[in-house]
Amino acid sequence: MTSNSSQPSLRPKPLDALVAAVVIALAVVTALLFYLPKTGGGDQLTLVITVGGQEQSRTPVTQLPDGPVRIEGRGGYTLTLSPSYSDLPFSPEWSVRVSDSDCPGQDCVHTGAISRAGQSIVCLPAQVVISIVSTASDVDAVLG
Amino acid sequence: MKLNPRSIALCAVLTALALGLSTLENLFPVTLIVPLPGVKLGLANIVTVFALYELGAVPALTILAARCLLGGVFAGNLSALLFSLLGGFTAMLVMIVLKHCRGLSVYGVSIGGAAAHNIGQMAAAVITLGNTMVLGYLPFLLAVSLVTGTLTGFVAGLLFRAMRNIHLSH
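Sequence lines, in order, name chains Z and V.
Just so you know, the numbering used here puts 71 at position 71 of the first sequence, and the rest follows in order with no gaps.
Just so you know, the numbering used here puts 21 at position 21 of the second sequence, and the rest follows in order with no gaps.
Among the hints, erroneous ones may be present.
Listed next, the stretches of chain Z that the computed footprint assigns to chain V, with coverage defined by at least 3 CB atoms under 8 Å from CB atoms of chain V [as the list claims (entries may be wrong)]:
1. 24-31
2. 53-65
Beyond 12 Å from chain Z on every Cβ pair, some chain V residues (computed) [stated by the list, open to error]:
3. 5
4. 13
5. 17
6. 65
7. 74
8. 145
Bear in mind the hints are in silico, worked out from the structure with no lab data behind them.
Quick caveat, the model's predicted, so the values are computed rather than measured.
Virtual Cβ for every residue (Gly too), placed ideally from N, Cα, C.
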């Protein structure tokens, strides 16, 4: 054998578990960093409301009014948009839902609350689209 | 390691083997079983582990660099070159350090290398994309690297056992 060569031990040793534990800990830490709800700062979410294909308002979620907002949709329908705030762990601290609508289908009400970038509520009869967009880049996938 | 014809030839053979293994694993994508894009078995890492123990750090690094460059040329995809270079060299660095830990077997070194490879590739992704959102993918890759690292460690172990009777690098 040359001077540099050395035989590794081929059977698992107790310290190997330590390496595995470090890798798992790293995975858990990065997972927590990225999949826990953000507490302030971070990416800026913007609520975009579109009626009949035309953008009506674009408001950062931090500047939304505390109470419900009325949206006049097409066809004479009116939607009530209600923000809600939560201090509970593992739930988004801010979310918005259509709490009331006089449209026939009620799909927008049944969609429930949205809180993350990319989510949206659509009301077809009133032609209203309520969506959350992020100012941060929203890359879905990178193929090498 | 002395730079004699035998060791040069050995480095060349190992480089060819690493290239062959990476081409082979591209033919049988693991993504069919584990539906995560970018997940690979890392068969070429077996060669890296073997070279690191059998020949030392410098020849192993040379083999790694040759493998990445030639692999980039073969694949015709230069954007992938940064990924494989950063991943490969991070893995190599970690394995050189871990190799000196007496309490570790080939499994620990291999798992550490596999995890470091993913971290290096993530760094390349962050550099090319210019944002850190992709890091959210790291936990999944790290979890998979535990399995692939154990697997390549096992195969490298088989290789070492077989080589004990051959004395290739005299």
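Structure-based check of each hint:
Only residues whose beta carbon comes within less than 8 Å of a beta carbon in chain V count, and the stretch 24-31 of chain Z has 6; three or more means the coverage holds. With 0 residues having a Cβ less than 8 Å from any Cβ of chain V, the stretch 53-65 of chain Z misses the three-residue criterion, and the hint is violated. At the 12 Å boundary, the C-beta of residue 5 of chain V stays outside the reach of chain Z, the nearest C-beta of that chain being 14 Å off. Consistency note on residue 13 of chain V: stated as away from chain Z, and its beta-carbon is indeed over 12 Å from all of that chain's, at 16 Å minimum.
The beta carbon of residue 17 of chain V sits about 18 Å from the closest Cβ of chain Z, which is more than 12 Å, so the claim that it is off the interface holds. With a cut of 12 Å on Cβ distances, residue 65 of chain V stays outside the contact zone with chain Z, its closest approach being about 18 Å. No beta-carbon of chain Z is positioned within 12 Å of the beta-carbon of residue 74 of chain V; the least distance is around 14 Å. The claim that residue 145 of chain V is not at the interface with chain Z is violated, since a C-beta of that chain comes within 12 Å of its own (minimum 7 Å).
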